[in-house]
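Chemist: The lines below spell out each chain.
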Amino acid sequence: MIEVCRVGKRFQSTTRGVTAALREMSLTVGDGEFVCLVGPSGCGKTTLLNLVAGLERPDDGEVRVHGRPVRGPGPDRGVMFQDAALFPWLSVAENVAFGMKELRVAKREREARTKKYLDLVKMSGFARVWVHELSGGMKQRVALARALALEPDILLMDEPFGALDPKSRAALQSEIVEIWARTKKTIVFVTHDMAEAVRLGSRVIVLRARPARVAMDVDVAARLPQPRHVDQAEVVELAAQLKGGLDETGEHEAVDGESEDGHDDERPAAAAAGGGGARRAADWLGLHL
Amino acid sequence: MLPGPGGVLRMLVHTLRDGELVRAVATSLYRLFVGYAISAGAGITLGVMLARMAWLRAAVGPMVVGLQALPSICWLPLALLWFGLSEKAILFVVVMGSLLSITIATEGAVRSVPTLYIRAARTMGSRRLRLYTRVILPAALPGIVTGLKLGWTFAWRSLMAGELLYVAGGLGQLLTLGRELGDMARVMSVMVVIVVLGLGFERLLFGSVEKRVRERWGYAQAEAA
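So the protein sequences, as listed, match chains A and B.
For the first sequence, the positions run 31 to 319 when my numbering is used.
For the second sequence, the positions run 8 to 232 when my numbering is used.
If we strip away everything but chain B, and leave its shape as in the complex, we get (with noise of 0.2 angstroms):
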């Protein structure tokens, strides 16, 4: 029923020969980065506006809570209806994933900054956007970053969702030739280096910076003496 380690090895090793692997791993990584770095720059722009608009949030607050407890999966008929079977329409659905818990984690933190730095930086002479890019998104900082790394593993997921079902190219796409060639050991092999993609980038990217980031903002947990 399940090939050994041995079988998802050598099949590993086939398509990394060929160029498949390659090729795959190049597609999919480019589609998450373009779209996680949309996502991002919006998702934090978006938070920090509806932080501090109290109109905006009244009109589209609501809607933005709504929107964001829909599996992301759920873009994918509407994107290939408005961008046709197009890279554009991936991407679609890979913003779309991540967009909303970033944004919703930006506002939680820019919400939660400290009305005193806000009120100690105004006695020093800070103004608006100093204000913001001098105190109030450092001070934001840390809540910022549990979102994109929430963000991250949702762009992620989006992207394998959307290449496995109508995408061409990329990873998911691999898993789904797996399928129909009746490939077990192809699955696997897709699976493994999605799992080990995944884990890797998360480690990497977020494993030092949160920590760091936390340690310094003064929320790290105190060693026991």
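Okay, chain A solo, but in the shape it has when bound (with noise of 0.2 angstroms):
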């Protein structure tokens, strides 16, 4: 279980002095979930992301992983960012087993390992190929392969399919969600793609920027099951509603100043807000105000 409590972080920036890209933001996903943070370039998705990655220290508040406070990055929160980040002087099955080795992983084990993750996303063929005669969907591929050969309850995506072209991306998305379902981890994805996010997500966390805030949360999984397409209708409707519940909420963020027990999670901006559309989107989901 991951929690964010009341999390502030601020960047000092040299043209606009010190911008807050967080501030008491507060979230829980719980064990097994597959959350969706979508947003506008710039709203803080990626400064949570790498809060709980441990990459980053918030300024106020605390993340909390399993009851824990967060102190640094670890094994047990596997990342994957936008570029592989694959390490060009390691054959692919070298760069699989580069975490198992940091952990001092016994020879057999980790090749067994390896052979297993490698399987599972399809690039059984590769282990001796150099990371220069890839695809960016085949580094993506490996670079996932590295991540959960680690093993991790928890898997952290900042993006990773944005690079990629449609085709590879389709199918990336859907062999996650395979992957999600068979090994039950809990995943973190952002996004700046609305589809993508109701196409993958168990749970959609929409926000808002300057600061990030929560404008909706919505349960994917109760009203689509999976698995779910890109083009399928009810996926793209839906993420036409919520983006349209988003760009009503975004221009109230002067009304929907400071609440008083700072769990803006619970309460859809909607309510606060009171634009029309955004008023429409809560309706359609059900959402009780």
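I should point out that these hints are in silico values taken from the structure, not numbers from a laboratory.
Do not rely on the hints blindly, as some may be mistaken.
Claimed, not checked - DEER-style ranges, computed between Cβ atoms:
1) A:192 <-> B:69: 39 to 47 angstroms
2) A:154 <-> B:48: 37 to 45 angstroms
3) B:160 <-> A:192: 26 to 34 angstroms
4) A:166 <-> B:95: 49 to 57 angstroms
5) B:221 <-> A:40: 36 to 44 angstroms
Stated by the list, open to error - Stretch by stretch, here's where chain A covers chain B in the computed footprint (C-beta under 8 angstroms, at least three residues):
6) 23-36
7) 145-151
Quick caveat, the model's predicted, so the values are computed rather than measured.
Cβ atoms here follow ideal geometry from the backbone N, Cα and C, with glycine treated the same way.
Two chains, each in its own frame: build the complex with the hints.
Modeler: This is how it looks when you write it as structure tokens:
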């Protein structure tokens, strides 16, 4: 379980002084959920992911995983970035085994797991291939295998399919849902693509920007079973509704000021913002205000 | 004015026969290898330190850049004052001639290692020393190899300059001997040897290594389809 408790994060910029990427942000992700964090560019979703990953420390508040505060990155939380970040001096198999070597996993076990996870991501024949010989989609598959090889409970993914062509993206989307169903991991997936979020997540959290607040928190699994597809009518419709709700609430930042208890995620922003489109979206989703 | 190729060749054979050339080559190469080994080791270490320690960069950085601009032969008077007319002096010149170019190239290479690699490694549990040996240094290798190649060239040139001017033994001194004897063929034959050795080593040591490293690290130009 991941708990984000009243987290604040500020950044210093030479042009704009101090900006708050996150302020009083609270969020909970239960075990086994596939949560998609969606929002416009710069809304703080990547910062949030980095805090859970331990790559950055919050200025205020705390992030806890399984009850214990996050102090830094670690193999219990696998991370995938938009760039595969594979090490070019190692072969595919050596890349997958990198983390295991760090953890001093025994050679036989390393080899077994490398084979297992390369098979899982459908890159079985590529063990001895060099990174520069792989396509973008292939690199991301290897990056996934590398993260999975450490058998973390939690997988954090920061727009991992953003740089891929549509075909590779669709293929990997299907595969990640399959892998999630099989391994029952907790996945937090950041994207700016609403359709992708609706296609993938059991739960979609829509963020709005500056500072990041939870605009909507939608249980998609309840209304749309997997397998889904990006072009599926229901997916497209839900994505449009969520986008509509976001566009409306985005304008009413000033109205939705500090809440008393700081727990924004329990109260859809539509309630405070009063935007017509947002209310329609909330009604459609069956959210009771 | 110029001896023909025949004359040069005859001189080469002559100096080879009486062992003079072999002794000179051995002396020069010994100095080169020892000096280069020292400057490679010290240069890479210093380069990594400069890349990762901001305070060191602030303290020593400008000096490094400034000294690198000093033609290596200018170190010879200092070397002679410190070490006298000895092997240490010539080694000092070889080291100082190449150390800083290796340092600067290494620093640049380490600083250019994509932060993403370091982040990815940290999420897999890499920390401190292992982060350096398993991620940062391998990632910086192409730049380091380029620096090492440059350092090699400088080392060879510093050595020849030093041997030419003051130091006993070696190929540079054979050149001086040729001049003193007014023997053009001897001078040119030694020049040929110097060029062949210089090029040969560069190709052998760095040619295929650099190419393979650049290819694997993904820097090679894509072949036209």
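Chemist: If a hint holds in the structure, say so; if it does not, say that too.
Modeler: We went through each hint and held it up to the structure:
no., hint, result
1, A:192 <-> B:69: 39 to 47 angstroms, "holds (42 angstroms)"
2, A:154 <-> B:48: 37 to 45 angstroms, "holds (42 angstroms)"
3, B:160 <-> A:192: 26 to 34 angstroms, "violated (44 angstroms)"
4, A:166 <-> B:95: 49 to 57 angstroms, "holds (55 angstroms)"
5, B:221 <-> A:40: 36 to 44 angstroms, "holds (41 angstroms)"
6, 23-36, "violated (count 0)"
7, 145-151, "holds (count 3)"
Figure legend: structure checked against the earlier numbered hints; hints not met, in rising order: 3, 6.
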